[in-house]
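When you get a sec, could you build the whole thing from the sequences and use the hints?
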Amino acid sequence: MSRIRDLSTFNAVRTAGLAKLLPARPRIAVGMGTCGAGNGAEGVFNALADAIHARGLDVSLVRTGCFGFCAEEPLVNVWIPGMPLVILHRVRAEQTGQILDGLAAHVVPETLALCKIESWDHLTGQISYGHGFPSIPNWNEISFFQGQVKVVMRDCGLINPDDVEEYIAVGGYQALYKVLIDGMPELAIEQIKASRLRGRGGAGFSTGAKLEFLHKARGERKFLICNADEGDPGAYMNRNEIEGDPHALLEGMTIGGYLTGATQGIIYVRAEYPLAVQRLNAALATARDYGLLGKDILGRGFDFDIQLVEGAGAFVCGEETALIASLEGRAGRPRPRPPFPAERGLWGCPTDINNVETWFNIAPIIARGPAWFTEMGSNKSAGTKVISLVGKVRNTGLVEFPLGTPLAKYIYDAGGGPMPGHVVKAVQTGGPSGGCIPREMLDTPVDYETLGKLGAIMGSGGMVVMDDDNCMVDVARYFIAFTRSESCGKCTPCRVGLDKALRTLTRITRGEGREEDLAALDELGRMIQATSLCGLGQSAPNSMLTALRHFRDEFEDHIRAHRCHAGVCQDLALSPCENTCPLHMNIPRFLELYREGRLAEAFDSVIMDNPLPASTGRVCQHPCDSRCRRKGTDEAVNMREVHRVIADAVLLGDAFEESVARILARKLPATGKKIAVVGAGPTGLTAAFYLALLGHAVTVLEQRPEPGGMLRYALPEYRLPKAVLDREVEIIRRLGVGFTFDTSVGKTTTLNDLEAAYDAVFLSIGTWKESHVYVPGTELSGVWPALTFLEDVACDKPLDLGSHVVVIGGGNAAIDCARTVVRKGAAATVVYRRERKDMPAIVEEVAEAEQEGVQFRFLASPHRITGEHGTVKAIEVLKTRLGEFDASGRRRPIDTDEVRVVPCSAVILAVGEDVDRDFYAGSGLTIKESGILEADRYTLETSRHNFYAGGDLIAGASNVSNAMSYGKNAARNIDERLTGEKRFDSIMPSFAYDQTVPAPPSTARRHHATPAPAATRAQTFEEVMPALIPEEACEEAARCLRCDIREPIHAAQN
Amino acid sequence: MSQKISVRIDGQLCTAEAGQTIYQVAQAAGRHIPALCHMEGLSSAGSCRLCLVQVEGLGRLLPACTTPARDGMAVTTQSETLAHNRRMALELLFSERNHICAVCVSNGHCELQALACELGVTSVRFPYNYPRLPVDASHPRFVLDHNRCVLCTRCVRVCDEIEGAHVWDIAGRGIASMLVCELDRPWGEAESCTGCGKCVQVCPTGALVEKGRAVEEMTKRRGPVLHLAERKEARP
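One line per chain: the protein sequences are A and B, in this order.
With our numbering applied, the first sequence has no gaps in its numbers, which climb one by one up to 1072 at the end.
With our numbering applied, the second sequence has no gaps in its numbers, which climb one by one up to 377 at the end.
Hints may contain errors.
Chain A residues, not near chain B, derived (Cβ > 12 Å throughout) [claimed, not checked]: (1) 107; (2) 137; (3) 149; (4) 231; (5) 292; (6) 393; (7) 434; (8) 579; (9) 683; (10) 723.
Simulated restraints on C-beta separations [what the hints assert, rightly or not]: (11) 946/A / 209/B: 50 to 60 Å; (12) 270/B / 67/A: 50 to 60 Å; (13) 251/A / 313/B: 20 to 30 Å; (14) 956/A / 319/B: 39 to 49 Å; (15) 956/A / 272/B: 31 to 41 Å; (16) 224/B / 578/A: 27 to 37 Å; (17) 956/A / 271/B: 29 to 39 Å; (18) 224/B / 690/A: 49 to 59 Å; (19) 224/B / 946/A: 34 to 44 Å; (20) 371/B / 589/A: 57 to 67 Å; (21) 946/A / 270/B: 38 to 48 Å; (22) 270/B / 589/A: 19 to 29 Å; (23) 154/B / 589/A: 55 to 65 Å; (24) 271/B / 999/A: 34 to 44 Å.
Footprint (simulated), chain A over chain B, 3 or more residues, beta carbon under 8 Å [what the hints assert, rightly or not]: (25) 204–213; (26) 227–235; (27) 261–271; (28) 313–319.
The hints are simulated quantities; they were obtained by calculation from the structure and are not laboratory data.
Bear in mind that the values here come from a model prediction, so they are computed numbers and not experimental data.
Heads up, the beta-carbon is just placed ideally off N, CA and C, and yes, glycines get one too.
What follows is the structure in structure tokens.
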């Protein structure tokens, strides 16, 4: 090792470094950043070292930093002379032998290969590794890296951070050499100004301007500080940058020192980053040894040294004046500016503070010039930004895109999209000081201006992705709790205001929120923003205010309905399954009652929560499965099937009469109030059931000749035998509900008539009108809307389907149509414009349809239907490709020019349904812009007095249990409005049953009913899915983990 | 010798000396700006946020007590927004600890109370935190009642800057911040305290009071502190 005094010694070091980077023997580098080490890189390194030693191999083994793809750690780079550098991922210690085996034969284990690098632009220098391995993708061909531009992370994961010679080999310290030789600091400052580099710590102030301030400031001593006190939860880019390339920071700061006349630099680094501290200390020592730091740097007569100070981890020390206070040995509390640090900073001397990443950008800008830098990024925000992408995405890690790249690219391309079965709800940028951006705004470019306008901030570059499992109220509460505990307490708004905000938010998450809380939080948040002393307080309310702005519904759900749909706020839910059930059935209760052999009580529990238990037991979308905690061990408890067994046993068995008698006994005395329910679908039947129990005289008006709505006319017999539905309706009749059939509101009777005759009217009309599709040829004979088709089948009308029917759509209606077609003896093909996983239909139904011979054609959208003599002959479909993710979190299908002709005899359009809104005209009801009837989300009141609406009418086409939940809510609200009392809960039964958590839990696997063989069942309309037998159902019920039982932890804590 | 500058305060043109803060310029011009942590003669903390003013052309509100006036500056010290923020800051202070005027020794002589009257804070919308806080009566002549403390740090500054003893400081952070005597010991056992009582005289509320005085007598004497500050300033 030699001290560099002139160009020849510099070049000699460079040559030595190159020989290490590209030696004449294979080189293996293990990613040993904190992320790698946390995933077992230490073990991999040791295993490699042992094996190399044991085998006596001539292999160079080194440690590097992280290449950015933290989710795939440990990453191991293997370079065989003349070949590309191959990056292996998720390497385990026992796989090291496999890696070494191939070296002699110039092969790498392809199963472990993530990508390869043929040549690399270190910006300050180029490295060519070699060509080969055609089957391994280039690094920027895999989705995580595609589009990334590594400026800050130019060396991370490729060079040995502990070896300054390797840094010099890739062009390091050349920029420093250049400015020292040029001897024109003003010119270099101009270059940095021209590059439009802005502070990467979050505030985004022009770095060039700051350097200029310090350059011009008068003072005997001037200080340069690097703020490496990275404290945002979920943000760790600075840590990895330092761990991977510490000399880039030292070089940037030393250049800064020369440009500004500072002689002393200080790196204020988190003490919680031991590896970064260790690597920095090592780098500082070697830099001094090589003459890159200290006296007479590079023999050019410039003196500059850097000192390392470990911060104690206070978030507020990210604020520059607090950081300075901390460096001076005082408590880390900020002071008002002006004076700014450039005027009076550390020890009263002019000081410039910049973030780690800002310093990393200096050397490349000097080396490549400002024009190169401004080519990247958006108009006002040049260059790139390293973002730590964490949260609910498949790929987490550090991504470096040019500024101005849309959020969607981070989340869906680099991040690989949401976790399976979930949708992205929001993105939180900028750490606790940042804001939440909703899914609908993911086309937002990530740059300083745009994020600021949205109330979020760039911050230091944290990006936390949240999905439907995240409660935005809880998210707001979390971040306020963080900033509250990190507030230094100096100024009133931040100290007391954040405490008040936290108390209010905590109350809301406990279901004790009040309507006025939201306005108060908004007012308080704005006051804290406007009046706090430092950046911490000024930005602390951002996450709360943006959540309030974009997710107000969720806050209202907590306050008005005491519901947390994400299931995070435990005080608002009995159990995850109950919380997910639209009817909020007490699922653990009926499972336990049934397990205890108390069938009659289990039935009472079920039917009082859900008046159509046998129908829903067959056709419910069973969202309960999705949140069942049992999924953590094996599979969700089959709650729907147990519920069906209970309902069938009573409704179709001998205990029917006595059960009816028990329900009738719950009926409250007659109130004398008359209520009309319009529509005898699941929503209307549910409302009628509860309203009758509450003692009201209920009349259901129905357009069709029989009750049940979609259950009767749209659901095929093989899924829901109508005999089952009839029994359920029978109970509702026995409760005294009157039915008037063949009556159409708007035609045979008017809303005014209803208003005159009834005390309250509940409108629950279904979505019977098929959404129109603009496809030429729909006028041909042989084209059916799905519901018309299903209704015609249900009513046994004769149909001429021909031999091959194409069904367009991917929902339950499409699958029902296809399976019905098969039963009618024709072949069926379902054409859907997205992929199979995007289908809204119940997964099991799709599988059963396939077994029955239904063909599927995905990624195809209808182009036109062609006919002959007025009858369908074929359908032309366009192949689609998937584009950007849309607001639903699925990729948007885009039509291509590729046309395929599918010959067919009939076409069924199942592309969605709509309400027939004819009756709105002159009804006095307010219609929203979207064409949907306006009704209060919670009380279901419409704009017309005493008129309530629910179900598809206000929510759009949905499913049975969702529709029924509106009926249940309507009954509660109508009763409360008519009687002025909260009586709904008084009709509900209560049971005493075992309240202990099963220990150990049952080891039984999930029980599935086995459908009849596809070949036989596809011939008839007999019910496909038999019920579980009682023994199986009982075992299934016993699988419940009883999340409804709360250990008395709360009591102990309070 | 010092340079003259002109500043417009609430529309009124004022002449001031370079280096003066907005607060000082306003005061000289007879414009009153509410403030709690600020006190003439002591360094400014800028922490209570009551003296925030609007400076034309700047988006952010600035504390009048720490911001130097600049030539040509136009400052608004009274507006509906500022009054709203000030009222809210007072509400936060009232509800942070146990400020119950009716049973306070400083009732009628309290700056917090006076500010509430001045700014029209007639009720507090936030629920009180009602923390359980100690009272340190270990000193023979004085009492420290944390229930009434607003963390203005006047006592910290007067003791450090005028008396030179630095008996007081703030420990903890955020809502848990507490005034501490030396390294958190009872005041009566403090070794550095000279017993001068300056901290008591500058305390705006009933947090630092003299023993043996009735509510009516609980006035604070600021004159000596100001005088000492002036003499210290004049010393070469």
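Here is what the structure says about each hint:
no.: 1; hint: 107; result: 42 Å, holds
no.: 2; hint: 137; result: 48 Å, holds
no.: 3; hint: 149; result: 55 Å, holds
no.: 4; hint: 231; result: 17 Å, holds
no.: 5; hint: 292; result: 24 Å, holds
no.: 6; hint: 393; result: 31 Å, holds
no.: 7; hint: 434; result: 38 Å, holds
no.: 8; hint: 579; result: 24 Å, holds
no.: 9; hint: 683; result: 45 Å, holds
no.: 10; hint: 723; result: 59 Å, holds
no.: 11; hint: 946/A / 209/B: 50 to 60 Å; result: 55 Å, holds
no.: 12; hint: 270/B / 67/A: 50 to 60 Å; result: 58 Å, holds
no.: 13; hint: 251/A / 313/B: 20 to 30 Å; result: 22 Å, holds
no.: 14; hint: 956/A / 319/B: 39 to 49 Å; result: 44 Å, holds
no.: 15; hint: 956/A / 272/B: 31 to 41 Å; result: 36 Å, holds
no.: 16; hint: 224/B / 578/A: 27 to 37 Å; result: 33 Å, holds
no.: 17; hint: 956/A / 271/B: 29 to 39 Å; result: 33 Å, holds
no.: 18; hint: 224/B / 690/A: 49 to 59 Å; result: 55 Å, holds
no.: 19; hint: 224/B / 946/A: 34 to 44 Å; result: 39 Å, holds
no.: 20; hint: 371/B / 589/A: 57 to 67 Å; result: 59 Å, holds
no.: 21; hint: 946/A / 270/B: 38 to 48 Å; result: 43 Å, holds
no.: 22; hint: 270/B / 589/A: 19 to 29 Å; result: 21 Å, holds
no.: 23; hint: 154/B / 589/A: 55 to 65 Å; result: 60 Å, holds
no.: 24; hint: 271/B / 999/A: 34 to 44 Å; result: 35 Å, holds
no.: 25; hint: 204–213; result: holds (count 4)
no.: 26; hint: 227–235; result: holds (count 4)
no.: 27; hint: 261–271; result: holds (count 4)
no.: 28; hint: 313–319; result: holds (count 6)
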